[in-house]
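**Q** Please construct the entire structure, taking both the sequences and the accompanying hints into account.
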Amino acid sequence: DAGVTQSPTHLIKTRGQQVTLRCSPKSGHDTVSWYQQALGQGPQFIFQYYEEEERQRGNFPDRFSGHQFPNYSSELNVNALLLGDSALYLCASSLGVGNTIYFGEGSWLTVV
Amino acid sequence: EDKVVQSPLSLVVHEGDTVTLNCSYEVTNFRSLLWYKQEKKAPTFLFMLTSSGIEKKSGRLSSILDKKELFSILNITATQTGDSAVYLCAVVGSNYKLTFGKGTLLTVNP
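Chains as they are written, first to last, in the numbering used here: chain F, 15 to 126; chain Z, 75 to 184.
Some clues are possibly wrong.
[To be verified] Below, a list of computed lysine-lysine pairs in the BS3-like style, where the Cα atoms sit at most 25 Å apart:
{"no.": "1", "chain 1": "Z", "residue 1": "K130", "chain 2": "Z", "residue 2": "K141"}
{"no.": "2", "chain 1": "Z", "residue 1": "K142", "chain 2": "Z", "residue 2": "K176"}
{"no.": "3", "chain 1": "Z", "residue 1": "K115", "chain 2": "F", "residue 2": "K27"}
{"no.": "4", "chain 1": "Z", "residue 1": "K111", "chain 2": "Z", "residue 2": "K131"}
{"no.": "5", "chain 1": "F", "residue 1": "K27", "chain 2": "Z", "residue 2": "K114"}
{"no.": "6", "chain 1": "Z", "residue 1": "K141", "chain 2": "Z", "residue 2": "K131"}
[What the hints assert, rightly or not] Restraint ranges, calculated between C-beta atoms of paired labels, are given here:
{"no.": "7", "chain 1": "F", "residue 1": "Q70", "chain 2": "Z", "residue 2": "S98", "range": "21 to 27 Å"}
{"no.": "8", "chain 1": "Z", "residue 1": "H88", "chain 2": "F", "residue 2": "F83", "range": "46 to 52 Å"}
{"no.": "9", "chain 1": "F", "residue 1": "G42", "chain 2": "Z", "residue 2": "N103", "range": "23 to 29 Å"}
{"no.": "10", "chain 1": "Z", "residue 1": "T94", "chain 2": "F", "residue 2": "R36", "range": "37 to 43 Å"}
{"no.": "11", "chain 1": "Z", "residue 1": "S84", "chain 2": "F", "residue 2": "R77", "range": "28 to 34 Å"}
{"no.": "12", "chain 1": "F", "residue 1": "E68", "chain 2": "Z", "residue 2": "G156", "range": "37 to 43 Å"}
{"no.": "13", "chain 1": "Z", "residue 1": "K114", "chain 2": "F", "residue 2": "L96", "range": "22 to 28 Å"}
{"no.": "14", "chain 1": "F", "residue 1": "N113", "chain 2": "Z", "residue 2": "I147", "range": "21 to 27 Å"}
{"no.": "15", "chain 1": "Z", "residue 1": "S158", "chain 2": "F", "residue 2": "G110", "range": "32 to 38 Å"}
[As the list claims (entries may be wrong)] Derived contacts from chain F toward chain Z, CB cut-off under 10 Å, selection only:
{"no.": "16", "residue": "V18"}
{"no.": "17", "residue": "Q20"}
{"no.": "18", "residue": "T45"}
{"no.": "19", "residue": "S47"}
{"no.": "20", "residue": "Q55"}
{"no.": "21", "residue": "F61"}
{"no.": "22", "residue": "Q62"}
{"no.": "23", "residue": "Q70"}
{"no.": "24", "residue": "G72"}
{"no.": "25", "residue": "N73"}
{"no.": "26", "residue": "L104"}
{"no.": "27", "residue": "S108"}
Rather than coming from a laboratory, the hints here were simulated on the basis of the structure.
Even glycine gets a Cβ: it sits at the ideal position worked out from N, Cα and C.
**A** As structure tokens, this is what we get:
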């Protein structure tokens, strides 16, 4: 039973560029959330997708956008990258809301 | 806005010691509290607590929730070096998103 998988694991981008991160949820899960974790901090909620729609959104600018596909996989897009966007981006999945949430290994983004 | 405060922020113990990690919270329409262990990347799930006073236990780890006083504790007995990690506490409120604390960095020395 595959857990939550994310790609790429590491990437380096230049300020102003755009990045796309990908996530496949745990088998049987239909709800995907994205979190940003800066060094020494807890993860911060970006947004949540269910039935291909953004259901909840945290305090992140519109440069952060996402998508959920019919197979429940998801993408996180960040435009006009800033140095402060450097962080570990975590994808989490669950079966609906209110159930246990499982995390992927994350994608380390470094913006230079 | 939902808020989670963990204490201590860091802790150094020797193998065999028992540790207690604390988590207090403020949340609108509390639904659940979760504990995760984060070693390098992915937070791995430990416990989900929804009811007060019911201890959840897994091996040397246990946790309990007090919904009246708005806190939870995570206990680790007979600590081992493999327990070294960041322990994250998170709450789920009315909007079904996780709000995390900053975590407690636990270091277990041999």
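**Q** A separate judgement is required for each hint: does it hold in the structure or not?
**A** Results for each hint:
no. : hint                        : in the structure
1   : Z:K130 - Z:K141             : holds (15 Å)
2   : Z:K142 - Z:K176             : holds (23 Å)
3   : Z:K115 - F:K27              : holds (20 Å)
4   : Z:K111 - Z:K131             : holds (15 Å)
5   : F:K27 - Z:K114              : holds (22 Å)
6   : Z:K141 - Z:K131             : holds (18 Å)
7   : F:Q70 - Z:S98: 21 to 27 Å   : holds (24 Å)
8   : Z:H88 - F:F83: 46 to 52 Å   : holds (49 Å)
9   : F:G42 - Z:N103: 23 to 29 Å  : holds (27 Å)
10  : Z:T94 - F:R36: 37 to 43 Å   : holds (39 Å)
11  : Z:S84 - F:R77: 28 to 34 Å   : holds (33 Å)
12  : F:E68 - Z:G156: 37 to 43 Å  : holds (38 Å)
13  : Z:K114 - F:L96: 22 to 28 Å  : holds (25 Å)
14  : F:N113 - Z:I147: 21 to 27 Å : holds (23 Å)
15  : Z:S158 - F:G110: 32 to 38 Å : holds (34 Å)
16  : V18                         : holds (8 Å)
17  : Q20                         : holds (9 Å)
18  : T45                         : holds (9 Å)
19  : S47                         : holds (7 Å)
20  : Q55                         : holds (6 Å)
21  : F61                         : holds (9 Å)
22  : Q62                         : holds (6 Å)
23  : Q70                         : holds (5 Å)
24  : G72                         : holds (7 Å)
25  : N73                         : holds (9 Å)
26  : L104                        : holds (7 Å)
27  : S108                        : holds (9 Å)
Violated hints are absent here; each numbered hint is respected by the structure.
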